[in-house]
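Q: Starting from the known structure of chain R, arrange chain Y on it as the hints suggest.
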Amino acid sequence: MIRLGLCVFLVALAGCASGPHIDTRYTSKSQDSRAQFLIIHYTAGGFQGSLKWLTEGPVSSHYLVNDDPAAIYGLVDDNRRAYHAGVSYWKGNTQLNASSIGIEIVNLGSKRSLDGTQWFDFPPAQIDAVIALVKKIVKEHSIAPDRVLAHSDIAPQRKTDPGPRFPWKRLADEGLVQWPDAGQGALRRTAFEAQLPDVAWFQQNLSKHGFLVPLHGELDKETRNVLAAFQMKYRPANFDGTPDAETATLLDVLNSPSGNGK
Amino acid sequence: MKNLLCVILLGMLTGCATPYIDRTYNSVGQDSRVQFLILHYTAVDFPTSLRLLTEGQVSSHYLVNDNPPTIYRLVDENRRAYHAGVSYWKGAAQLNASSIGIEIVNLGYRDTPDGRVWFDYPQAQMDQVIALVKKIVKQHDIKPERILGHSDIAPGRKTDPGPRFPWKQLADAGLMPWPDAGSVALKQAGYEQQLPDVAWFQQKLDQHGFAVPRSGELDKRTQDTISAFQMKYRNGRFDGLPDAETAALLDVLTAPADVKAK
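Sequence order for the protein chains is R and Y. So for the first sequence, the numbering used here puts the first residue at 1; every next one is plus one. So for the second sequence, the numbering used here puts the first residue at 1001; every next one is plus one.
Heads up, some of the hints might be wrong.
Said to hold, decoys possible - Calculated pairs, DSBU-like style, for lysine-lysine (alpha carbon to alpha carbon, straight line, at most 35 angstroms): (1) K136(R) / K1135(Y); (2) K29(R) / K1135(Y); (3) K1090(Y) / K136(R); (4) K1220(Y) / K139(R); (5) K159(R) / K135(R).
These are computed hints drawn from the structure, not numbers from a lab. All values reported here derive from a predicted model rather than from experimental measurement.
So that you can see chain R by itself, here it is in the shape it has in the complex:
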């Protein structure tokens, strides 16, 4: 009788519990993390303002890395979607919020003065924290080095962060991002200096690299913005968005199968 009572009770429970019965005895081999990209940003503001904006505002990110002290804050669980990428594109993928993890780094970005635009440095301790964090995320979600990207990579018409002062090379030295092999560049550069490829070549190679870029062969504003985003990352000394031999070399090496080791 007690047993029958318990049974009825259990059935009643199952009836009002939400959802159907789900058998979980089998598991698919083919599966991985929903996080496929890691996107790096600067906040363009101080810590307090950034924290308020990212926690209370319409935008957010999974992590916020302060500059002084160099502390890491987790604001959104890795399994959830944060709003940091906006309208975005990389290699056929769009709307990257759902498939990425965003790291916001406290940095003032740029300031216009009479001497032109001035960019702010990232303190080494802050970059150490960023690198440790990127390492952890990349490992946990198996994110490939060519998918650790700048906000300016995935939205070159709208965004410039994390800017030309962000030391991508340090991440490359840790094997965390794609980097052109210097040895492969020298010969190609001589050739490109003798004859600079046309705009269509640059557009096609920028597209192959991953950018959303026009393919019409004209050096318009959009194409210049994409070139500048590429230069900002791999040749930060000059990111004027103009095609040149060094940019052609970097692109060509990055796009060749053996040239993008570290």
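A: Here is chain Y on its own, set in the frame of chain R:
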């Protein structure tokens, strides 16, 4: 002395282990990475479906058998399964990372001397599918217009879950929008007087969410897309040809005020 040792030990620990992450703050702006729910048929029997989806290159979060109508969970909802492939809906591409996939055991179709014959979905199986969809939609707050067929996000390449899938049952359960019959009849009368041109159909299909050419010509891809739309909302005929009823359905579905989500 003990304290100093502790500090040194902690320092060594942080040097090799993951960085410390402060979880004091939480972003308001966050939601589920799951933005879409995609329905498929397996086109093969249960044992084959299970084997392919657990051991093969493809996978899905859920598999719903026909007899008995058991629901199997094969991939955790927080992880990415490989069910969508090259896909697009309303600006979002590559939907595996942002969707949950449900595979339904159904043989799809069989070509006979009398033409193509499609297989029905038993009601007991549909009851399970609907219960499962309800549960997922609630947990991830998926919008009704983002419950889609594989054929919606990859028309031409895919026809599943096919014309026999009873979408109307999902609409009746309040899970997705359905064009109001009265509004459709009214519009249809008008379109029978004058059928809109192909460019109009392409524009409406695009607005509805499909990746469709904007060529103004009734090419193969446009026909495939019209066919995918018809299969869902007018499954009596899905020849991919523009007609007044299809125009009326499209018009009503893309005009939010007329849509009655029952």
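Q: Each hint should be assessed against the structure and marked as holding or not.
A: These are the hints, each one checked on the structure:
no.	hint	result
1	K136(R) / K1135(Y)	holds (33 angstroms)
2	K29(R) / K1135(Y)	holds (24 angstroms)
3	K1090(Y) / K136(R)	holds (33 angstroms)
4	K1220(Y) / K139(R)	violated (44 angstroms)
5	K159(R) / K135(R)	holds (24 angstroms)
Hint 4 from the earlier list is the only one contradicted by this structure; the remaining hints agree with it.
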